[in-house]
Amino acid sequence: MIKINNLDFAYKNTQVFKNISLEFQKGNIYGLLGENGVGKTTLLKLICGLQKPQHGSVTVDGLTPSMRQPEFLQNVYFLPEEVITEDTTPEKFIQKIGCFYPRYDFGLFNKLMGELEVDLSKKFNELSHGQKKKALLACAMSLQTDYLFLDEPTNGLDIPSKALFRKVISQYCSDETTVIISTHQVKDVENLIDPIVILDRDDVLMNANFAEITDKIYFEYGPERLQNAYYTEMLPGGYINVMPNDEHLESNVNIEALFNAVMKNKETIKNLMK
Amino acid sequence: MNNTFNINRFGKILKHDGLNFFPNIILALAILWAIPVVVYLFTSLMPSDGTKDILDAFGRISVIDTLAKIALIIAPVRLYKYCNDSRKGIVYAMLPASTLEKFLSMVIYCVIVTPIIYIAGALAIDSILALFNGPYDGFAVSVYFDRYAQINYAFDYQDAKMLLDDTWPIFVNSLSPSFLTILSILGTLTLSAIFMFGNMIFKKHKTGKMIGILILLAIIIMIIFVNYVANNEALTEYFKQIDEDNVTEFIERMIFIWMNVALYTEIIVSALMLFGVYRKIKTQKY
Numbered sequence: 007m008i009k010i011n012n013l014d015f016a017y018k019n020t021q022v023f024k025n026i027s028l029e030f031q032k033g034n035i036y037g038l039l040g041e042n043g044v045g046k047t048t049l050l051k052l053i054c055g056l057q058k059p060q061h062g063s064v065t066v067d068g069l070t071p072s073m074r075q076p077e078f079l080q081n082v083y084f085l086p087e088e089v090i091t092e093d094t095t096p097e098k099f100i101q102k103i104g105c106f107y108p109r110y111d112f113g114l115f116n117k118l119m120g121e122l123e124v125d126l127s128k129k130f131n132e133l134s135h136g137q138k139k140k141a142l143l144a145c146a147m148s149l150q151t152d153y154l155f156l157d158e159p160t161n162g163l164d165i166p167s168k169a170l171f172r173k174v175i176s177q178y179c180s181d182e183t184t185v186i187i188s189t190h191q192v193k194d195v196e197n198l199i200d201p202i203v204i205l206d207r208d209d210v211l212m213n214a215n216f217a218e219i220t221d222k223i224y225f226e227y228g229p230e231r232l233q234n235a236y237y238t239e240m241l242p243g244g245y246i247n248v249m250p251n252d253e254h255l256e257s258n259v260n261i262e263a264l265f266n267a268v269m270k271n272k273e274t275i276k277n278l279m280k
Numbered sequence: 004m005n006n007t008f009n010i011n012r013f014g015k016i017l018k019h020d021g022l023n024f025f026p027n028i029i030l031a032l033a034i035l036w037a038i039p040v041v042v043y044l045f046t047s048l049m050p051s052d053g054t055k056d057i058l059d060a061f062g063r064i065s066v067i068d069t070l071a072k073i074a075l076i077i078a079p080v081r082l083y084k085y086c087n088d089s090r091k092g093i094v095y096a097m098l099p100a101s102t103l104e105k106f107l108s109m110v111i112y113c114v115i116v117t118p119i120i121y122i123a124g125a126l127a128i129d130s131i132l133a134l135f136n137g138p139y140d141g142f143a144v145s146v147y148f149d150r151y152a153q154i155n156y157a158f159d160y161q162d163a164k165m166l167l168d169d170t171w172p173i174f175v176n177s178l179s180p181s182f183l184t185i186l187s188i189l190g191t192l193t194l195s196a197i198f199m200f201g202n203m204i205f206k207k208h209k210t211g212k213m214i215g216i217l218i219l220l221a222i223i224i225m226i227i228f229v230n231y232v233a234n235n236e237a238l239t240e241y242f243k244q245i246d247e248d249n250v251t252e253f254i255e256r257m258i259f260i261w262m263n264v265a266l267y268t269e270i271i272v273s274a275l276m277l278f279g280v281y282r283k284i285k286t287q288k289y
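Which chain is which? The protein sequence lines are V and A, in order. Position 163 of the first sequence, counted from 1, bears residue number 169 in this note's numbering, the numbering being contiguous throughout. Position 134 of the second sequence, counted from 1, bears residue number 137 in this note's numbering, the numbering being contiguous throughout.
Any given hint might turn out to be false.
Said to hold, decoys possible - Just the calculated beta-carbon pair ranges, DEER-fashion: (1) A:Thr239 x V:Thr20: 22 to 32 Å; (2) V:Lys98 x A:Gly215: 30 to 40 Å; (3) V:Ser127 x A:Asn136: 43 to 53 Å; (4) V:Gly120 x A:Thr268: 51 to 61 Å; (5) V:Asp181 x A:Tyr85: 28 to 38 Å; (6) A:Lys285 x V:Met7: 21 to 31 Å; (7) V:Glu77 x A:Arg256: 50 to 60 Å; (8) V:Glu273 x A:Gly14: 47 to 57 Å; (9) V:Gly120 x A:Phe8: 53 to 63 Å; (10) V:Thr274 x A:Gly215: 55 to 65 Å; (11) A:Lys285 x V:Asp181: 29 to 39 Å; (12) A:Asn5 x V:Asp208: 32 to 42 Å; (13) A:Ser145 x V:Leu126: 43 to 53 Å; (14) A:Ile204 x V:Leu241: 52 to 62 Å.
As the list claims (entries may be wrong) - Far from chain V by the CB rule (all over 12 Å, computed), these chain A residues: (15) Thr46; (16) Leu98; (17) Val229; (18) Asn235; (19) Asp248; (20) Tyr289.
These are computed hints drawn from the structure, not numbers from a lab. All of these numbers come straight from a predicted model, not from anything done at the bench. The C-beta atom is built at its ideal place from N, Cα and C for all residues, glycine as well.
Throw the hints in and build the complete structure from the sequences for me.
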C-alpha cells in the first residue's frame, strides 16, 4: 500500500503540494487525473523516490522511496512520459535490467512485444515514438513489479495502439499489481481505471472508486440540461448531466464529465466525497 | 534483505555497467590508442635530418601515461554521462541496486578498468610497432612497471642533473618502490575522483567545467602561496641564507615537504571527491 501523509513539496518557489494525504490500495489500476501542471508527474516521482518530500512522508509497503533501497526498487517501475532510450534494441535493454527484478519474465516480454506489434529487431532509435512507448510498456510489464507507474502512457499512441494498451494492462496485470496511470487524456483510460484520483493545485479533490462515485454522483443522459447539475455537456443526441445522487440511482461513470464537474465544483464535490 | 551490499546484486550492476562500457568508451580509447601510432608513422616517414630518429621506451611510456590520464579524465563522462540527467538518468536511478553497489561499480570502471584497458592496449600496440625496424627502440612493456627507472630517466636531463647532482642519490634513496607505487595509485585515484565528482555535479560541459575549476583553484592557491611566502619574514630570511654549502639540504627538505604535501593532499582530495560522488548518487533528484 502507498501512504502519503501531510506531504509538502515545492520546486524552488513553486509550491506543488501542501499538506496532502492520500492512500493507494494494492491491486488497483488508479487513474491519476488533473490539469496540466498540478503535479501528477511530481507525485509519481515522489512515490518512486526520484524526488524527496520537504515535509510529511511517503511510504510504499512501509519503505521510504527516497532512500532508494534495492528492496523497494525491485518492486517498482516508473515509465516516464518522455521516451528516452539507449541506442539498443528493446530486447537487449530488458536483458540488461531484467536480472535485477525477481519476477522478470523474458517469455512475457516476447509475448507482449508480439501483442503490441513492435518489431523486435529494431533499435529504440529506429522505432517511431508510439512504437518506442509500446516497447517500453512491454519491458515494464515483463518485470512484473508490484507497482507500475505510467506517466501519460497513451500520449503519441495511435487509436489501435491505445486499444492494445488497454488490453495489455487489463490482461497482464495481476491482482497484486498496483498500477497508477497519470493522464489528462481520460478517454484513453476509460473502462480501465478504477479508482480515480483527481489532483488540483496544492490539493487532492477526489480519491474514490467507481462504486463510491456513483453512490454520490449520478450521471444522467437526457434530452435537456438540468438546473441542479454540477456539470452539463452536450453530447450527440442529448446532454450528460452530472448531478448529486440523492435518490441513490445507478449510473455509469463518464470520467471526462466527472473530471469537468469536479473542476467546476471543487469544494462541493471534495466535501461530498469525504 | 541487505539493502547496503549484496554480492549477487553487485555482480549484476557490474555486469550492467560492463555491458555499457565498450559501446560508450571504445571510440574515445581508439582515438587515444591511435595517437602513438600517428607519432610512430610521422617519425618513420619524416626523419628530421636524414638520420634515423629513435623514440626510446621511457619516452613512449610517458606518452602512454599522459594519454592514460586523459582516458581517466574522460571515462566518467563517457560511461556515466546521464546518471544525473533529470530525464535520461531515471533508468539508472531506478535500478534495484544500493548506492554503495552503484558507487563501487562506477569506481571500478572509471578508476581501474578504463586505465588498465587503455594501458594494456597501448602497450600491445607499442610492442607490435617495436617489432618492426622503425623508430621504436625497445619494448615499453619491458620497463613499464619499473617506476624507479622511469624517475631516473625523467631526471636524466642536463639541467636537472646540474641542479640535483649532489642531492640526486639522497632523493632516489628516499623513494622506495612501494612509496612510488602508492603515490602513482593515489594520483590515478585523485584525478579520476575529481572528474567523477565533476560528472555528478554538472549537467553539461562536465569535463571542461571541472578543468576550469582546477585551473582557477591552482591560480588561487598559487597567489595565496606566493603572498604567504613573500610576507613571511622567517621564510624570506631562510631563503636568503641558502648558498652553495646548504643548497643540498634545502633541496632535500623541499622534496620531503613536497612529497608529503602531495601524499596527504591526494588522500584528502580523493576521499572528499569520492564521498561527494556517493552522496550525489544517493540524493540526486530527477
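Evaluation of the provided hints:
1. A:Thr239 x V:Thr20: 22 to 32 Å: Since Thr239 of chain A and Thr20 of chain V have Cβ atoms about 57 Å apart, the given range 22 to 32 Å is violated.
2. V:Lys98 x A:Gly215: 30 to 40 Å: holds (37 Å)
3. V:Ser127 x A:Asn136: 43 to 53 Å: holds (49 Å)
4. V:Gly120 x A:Thr268: 51 to 61 Å: holds (59 Å)
5. V:Asp181 x A:Tyr85: 28 to 38 Å: For Tyr85 of chain A against Asp181 of chain V, whose Cβ atoms are near 36 Å apart, the range 28 to 38 Å holds.
6. A:Lys285 x V:Met7: 21 to 31 Å: Because 25 Å falls inside the window, the suggested range holds.
7. V:Glu77 x A:Arg256: 50 to 60 Å: holds (56 Å)
8. V:Glu273 x A:Gly14: 47 to 57 Å: Holds: the Cβ-Cβ distance is about 55 Å, inside 47 to 57 Å.
9. V:Gly120 x A:Phe8: 53 to 63 Å: Distance hint for Gly120 of chain V, Phe8 of chain A is violated at roughly 39 Å.
10. V:Thr274 x A:Gly215: 55 to 65 Å: holds (58 Å)
11. A:Lys285 x V:Asp181: 29 to 39 Å: holds (34 Å)
12. A:Asn5 x V:Asp208: 32 to 42 Å: holds (39 Å)
13. A:Ser145 x V:Leu126: 43 to 53 Å: holds (50 Å)
14. A:Ile204 x V:Leu241: 52 to 62 Å: At roughly 55 Å between Cβ atoms, Leu241 of chain V and Ile204 of chain A fall inside 52 to 62 Å, so the hint holds.
15. Thr46: holds (38 Å)
16. Leu98: violated (6 Å)
17. Val229: Val229 of chain A is indeed farther than 12 Å from all Cβ atoms of chain V, at 41 Å.
18. Asn235: holds (46 Å)
19. Asp248: It holds; Asp248 of chain A is separated from chain V by about 64 Å at its closest Cβ, greater than 12 Å.
20. Tyr289: Check fails; 4 Å does not lie beyond 12 Å.
Going down the numbered hints, you'll see the structure goes against 1, 9, 16, 20, while the others check out.
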